[in-house]
Amino acid sequence: DQQVKQNSPSLSVQEGRISILNCDYTNSMFDYFLWYKKYPAEGPTFLISISSIKDKNEDGRFTVFLNKSAKHLSLHIVPSQPGDSAVYFCAARSAGGTSYGKLTFGQGTILTVHP
Amino acid sequence: DAEITQSPRHKITETGRQVTLACHQTWNHNNMFWYRQDLGHGLRLIHYSYGVQDTNKGEVSDGYSVSRSNTEDLPLTLESAASSQTSVYFCASSERAGSPYNEQFFGPGTRLTVL
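Line by line, the protein sequences are chains A and B.
Residue 22 is where the first sequence starts when you use my numbering, and the numbers rise one by one after that.
Residue 4 is where the second sequence starts when you use my numbering, and the numbers rise one by one after that.
These are computed hints drawn from the structure, not numbers from a lab.
Hints should not be assumed to be uniformly reliable.
[As the list claims (entries may be wrong)] Result set (SDA-like, lysine to any residue): computed pairs, CA atoms no more than 20 Å apart in a straight line:
1) A/LYS77 to A/ILE39
2) A/LYS58 to B/LEU42
3) A/LYS58 to B/THR80
4) A/LYS58 to B/THR16
All values derive from a computational prediction rather than experimental measurement.
Pulled out of the complex, with its shape left as it was, chain A reads as follows (with noise of 0.2 Å):
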């Protein structure tokens, strides 16, 4: 059962303009959600969170928005630079027990840019 989902495997858009990746989310107990990004032959790098009491964050070009009763997050990129392509991760954290700490991984979208 995936918790966290990215229906989208991949996104194309064109420099300058903005990039919106989803992810949905099944669990509750969700409390914390991040976004990592992931070049070819590298590990993935933090990029921006959210935790579950806001409904937006935002990091220079980079804005997360939250909306919990849809159970949905999204990534907006703004605008998009061809160094932006490559893998997003959407994560999410579990609140508590012995999971706490926890993280979950969507599939994975993989975004282009094109001059």
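Chain A is fixed; fit chain B onto it per the hints.
Below, chain B without anything else, positioned relative to chain A:
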């Protein structure tokens, strides 16, 4: 600078052989994790540890084992390698379980091929 390293970066082995993948971090983090990345599945948790002598099974732990004898290292052992274990393996670490952010720092990955 603190870092997390994995070795080897590439490994080819035969079915039935025992294989050990090394992970070493100098962040002095209590938490360490092993993931595998496969197309269509994203990052799936194999085993994790919250401290020395502590190990826990993740969602895809069958055929794998870990041991934690010190803070810095969490080696992953494939007891009898199978072709289904061909994958890219990532090690990660994070601060203590109560940390508000739980950002995980990833190593560069090990590409394992089981023939």
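Now the hints, each set against the structure:
no.: 1; hint: A/LYS77 to A/ILE39; result: holds (17 Å)
no.: 2; hint: A/LYS58 to B/LEU42; result: holds (16 Å)
no.: 3; hint: A/LYS58 to B/THR80; result: violated (27 Å)
no.: 4; hint: A/LYS58 to B/THR16; result: violated (29 Å)
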